[in-house]
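S.K.: For the sequence shown, our numbering assigns the number 2 to the initial residue and increments by one for each residue that follows.
Take these hints with a grain of salt, some might be off.
Said to hold, decoys possible - Taking CB as the label site, the calculated pair distances span: (1) N46 - C67: 15 to 23 Å; (2) E90 - T35: 51 to 59 Å; (3) R84 - L17: 24 to 32 Å; (4) E37 - G119: 50 to 58 Å; (5) E26 - M55: 21 to 29 Å; (6) R68 - E26: 25 to 33 Å; (7) A12 - S79: 38 to 46 Å; (8) A42 - S79: 15 to 23 Å; (9) Y9 - E53: 53 to 61 Å.
Don't read these hints as lab results, they were simulated from the structure.
The C-beta atom is built at its ideal place from N, Cα and C for all residues, glycine as well.
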Amino acid sequence: MDLNNDQYLDASEFELAMRTQSDVEQYFSQAVPTAEIFWAALPRNKGATLFEVMTNLSSPDIETICRAMKEEMQCILSDCIERLRDNREVTSAADYSTSSKFTVCELDAGKVQDYHKGLSG
2 MDLNNDQYLD ASEFELAMRT QSDVEQYFSQ AVPTAEIFWA ALPRNKGATL FEVMTNLSSP
62 DIETICRAMK EEMQCILSDC IERLRDNREV TSAADYSTSS KFTVCELDAG KVQDYHKGLS
122 G
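Go ahead and model the full structure; you've got the sequences and the hints to work with.
M.R.: Here it is, written out as structure tokens:
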């Protein structure tokens with residue numbers, strides 16, 4: 002986050018770092034469509050505009066919307082958490098090391114003549 006590479010984190014760089022979402026926050030922001038769940042839970046009044054629907058919501062309507070959202074959110078969050086757990090297991094099972102990223106293995110593919118033989122059959 003040291004944007005100017007001065008080996009120090011100044012106030013603006015720190016503020017930017019604090020506003021930046023972690024990987025998990027980014028995952029949930031993209032995986033959980035909160036706004037869409039809200040809009041789907043709104044009651045539909047034929048011929049009414051969205052503004053009219055929103056301004057005419059009563060306390061019981063809001064409770065109904067919240068119950069509907071809760072059920073949908075529980076399903077989505079359970080699924081997201083399960084995928085995170087699966088991902089963690091796959092990641093921890095893989096043999097990662099910092100040096101393996103740059104390790105180059107030697108490939109023995111023969112000579113150019115062998116390649117041409119392979120093409121000609």
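S.K.: Could you run down the list of hints and mark each one as holding or not?
M.R.: Status of each hint after checking the structure:
For the pair N46 and C67, the beta carbons lie near 19 Å from each other, so the given range of 15 to 23 Å is met. E90 and T35 have their C-beta atoms about 27 Å apart, which leaves the hinted 51 to 59 Å range violated. Take R84 and L17: their Cβ atoms lie about 29 Å apart, and the range 24 to 32 Å holds. At about 54 Å, the beta-carbon gap between E37 and G119 stays in the expected band of 50 to 58 Å.
Take E26 and M55: their Cβ atoms lie about 28 Å apart, and the range 21 to 29 Å holds. Under the hint 25 to 33 Å, the C-beta atoms of R68 and E26, about 26 Å apart, fit the expected range. A12 and S79 have their C-beta atoms about 40 Å apart, which keeps the hinted 38 to 46 Å range intact. Between A42 and S79, the C-beta spacing of about 18 Å keeps the proposed range 15 to 23 Å intact.
Distance hint check: the CB atoms of Y9 and E53 are about 54 Å apart, consistent with the given range 53 to 61 Å.
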